[in-house]
Amino acid sequence: MQWWLWVIIVVVIIVAVIGAVLAIQARRRTGGVIITDRKKGSGTR
Amino acid sequence: MSILLRSSEINRLPVVTFAGEDIAQIKDIVYAARGGQVGGFTLNGRGLFAGPLKTALPWEKVVGVGPDAVIIRGEDAFTPVESLLAAVQSGEPAAGDILGSQVLTDDGAALGVVVDVVIEVADGGGAAQADVVGYEIDPAEGVGRGTNRMLIPLPDTLSASGEHLMVPAAAREFVTDDLAGFGAAVDDFRAHLRGGPR
Numbered sequence: 001m002q003w004w005l006w007v008i009i010v011v012v013i014i015v016a017v018i019g020a021v022l023a024i025q026a027r028r029r030t031g032g033v034i035i036t037d038r039k040k041g042s043g044t045r
Numbered sequence: 001m002s003i004l005l006r007s008s009e010i011n012r013l014p015v016v017t018f019a020g021e022d023i024a025q026i027k028d029i030v031y032a033a034r035g036g037q038v039g040g041f042t043l044n045g046r047g048l049f050a051g052p053l054k055t056a057l058p059w060e061k062v063v064g065v066g067p068d069a070v071i072i073r074g075e076d077a078f079t080p081v082e083s084l085l086a087a088v089q090s091g092e093p094a095a096g097d098i099l100g101s102q103v104l105t106d107d108g109a110a111l112g113v114v115v116d117v118v119i120e121v122a123d124g125g126g127a128a129q130a131d132v133v134g135y136e137i138d139p140a141e142g143v144g145r146g147t148n149r150m151l152i153p154l155p156d157t158l159s160a161s162g163e164h165l166m167v168p169a170a171a172r173e174f175v176t177d178d179l180a181g182f183g184a185a186v187d188d189f190r191a192h193l194r195g196g197p198r
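Taken in order, these protein sequences are the chains called A and B.
Note that the first sequence ends on residue 45 in our numbering; no numbers are left out.
Note that the second sequence ends on residue 198 in our numbering; no numbers are left out.
For reference, chain B alone in the conformation it holds in the complex (with noise of 0.2 Å):
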């Protein structure tokens, strides 16, 4: 069993300790190009006019995810933001944000821009897996889809180094208007990608 949600759903979530301590804020979320898996969070700090901090949760120490906030153990669950990017990273030492990016199919067109990103977090929180399976985009002009904003599924071996986002053309057969049947979408495509019937 597991749920679907946006990434925009996630950040700006409290992270509250099983003690009741509301200690920080989810800021980004960080995931590796390889594989699409969720690696943790980096956090700000609580209060307005907080910054962001310098240590980061990973996503092994995270109890649970919910609608109104990310369940931890304690404040030694956080590391530093570096040792987080690095334990994400599987080969050059770079990351960007991919809110905005332009999405290209591999046949050369393009899709739109990444407005919000749909995650799958397996049921039973910090000790399942949560994946990246698909972008929520405004749809280029060239798509046919007027301002409708679209949920395109995702490979699940990921790749998304360099400048655009790349995903097979084969995808715009499997976009969705909403998250109700998203995850029926990216089962069928993942299967459809394997050779399987649609």
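Bound-form chain A, shown alone (with noise of 0.2 Å):
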């Protein structure tokens, strides 16, 4: 294989990665609005 679809594979994948990591890390950060007193799993977040 040559050298440089070498380098388009893993530039590919590092995007792939980092692209992963903040869509996580966005998810993580989503605030909302918490009930108390509510069944567990009720919302659809």
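If you're looking for bench data, these hints aren't it; they were derived computationally from the structure.
Watch out, some of these pointers could steer you wrong.
Selected chain A positions facing chain B (in silico; Cβ < 8 Å) [unchecked claim]:
| id | residue |
| --- | --- |
| 1 | 5 |
| 2 | 25 |
| 3 | 28 |
| 4 | 29 |
| 5 | 31 |
| 6 | 32 |
| 7 | 34 |
| 8 | 35 |
| 9 | 36 |
For glycine and all other residues, C-beta sits at the position ideal for the given N, C-alpha and C.
Given two chains presented individually in distinct reference frames, assemble the corresponding complex, making use of the accompanying hints.
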């Protein structure tokens, strides 16, 4: 395989990993409105 | 004197101390199913890669809530998240996010899905009280309002346990489109429930 093909594969993998980390982090930090005394799992998120 | 805020205006606000330190960011607003009183906030750490914190901010430790920050005296205002939830709960130890939940009237009609929550903050910040007074909802097809979001007032004796959020059928008569007239709509709705004139 050509060397530049390896470079492209590595760059694609790095971009995918960074994108996945940012997406997971954004989801972890998403805020909401928590109501107490409510059945667990209620709500869609 | 009080002001009305959407929960989305408070979420993500930085938490700043009197010393000027920016030490956390608001994540969730926690309120009691019985009565609708805001008990406090869960927190995110500062910075893109910081996750949710294990500490929370009780409402009574908040000095002020403004458009750009939540002000506290110092970092000692924080308490463990479990302590905050336990303090706000009155019954079974459980909690859930209401954004995305369906709103039903007590005569069985679906009004729509909650996209935001309206909070009334009595002027004076932490010395006063904050209560959930309404929901902003994406209307259901049967409501006949197209896709225009609407604000629906809640009774002062709010009860919101269970899979759906229940409101009195009379709430439909007091729906508004924006926050400008919503305070009066909440007062009128609650007076109506108490048997007073509209």
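* Indices of hints not satisfied (ascending) -> 1
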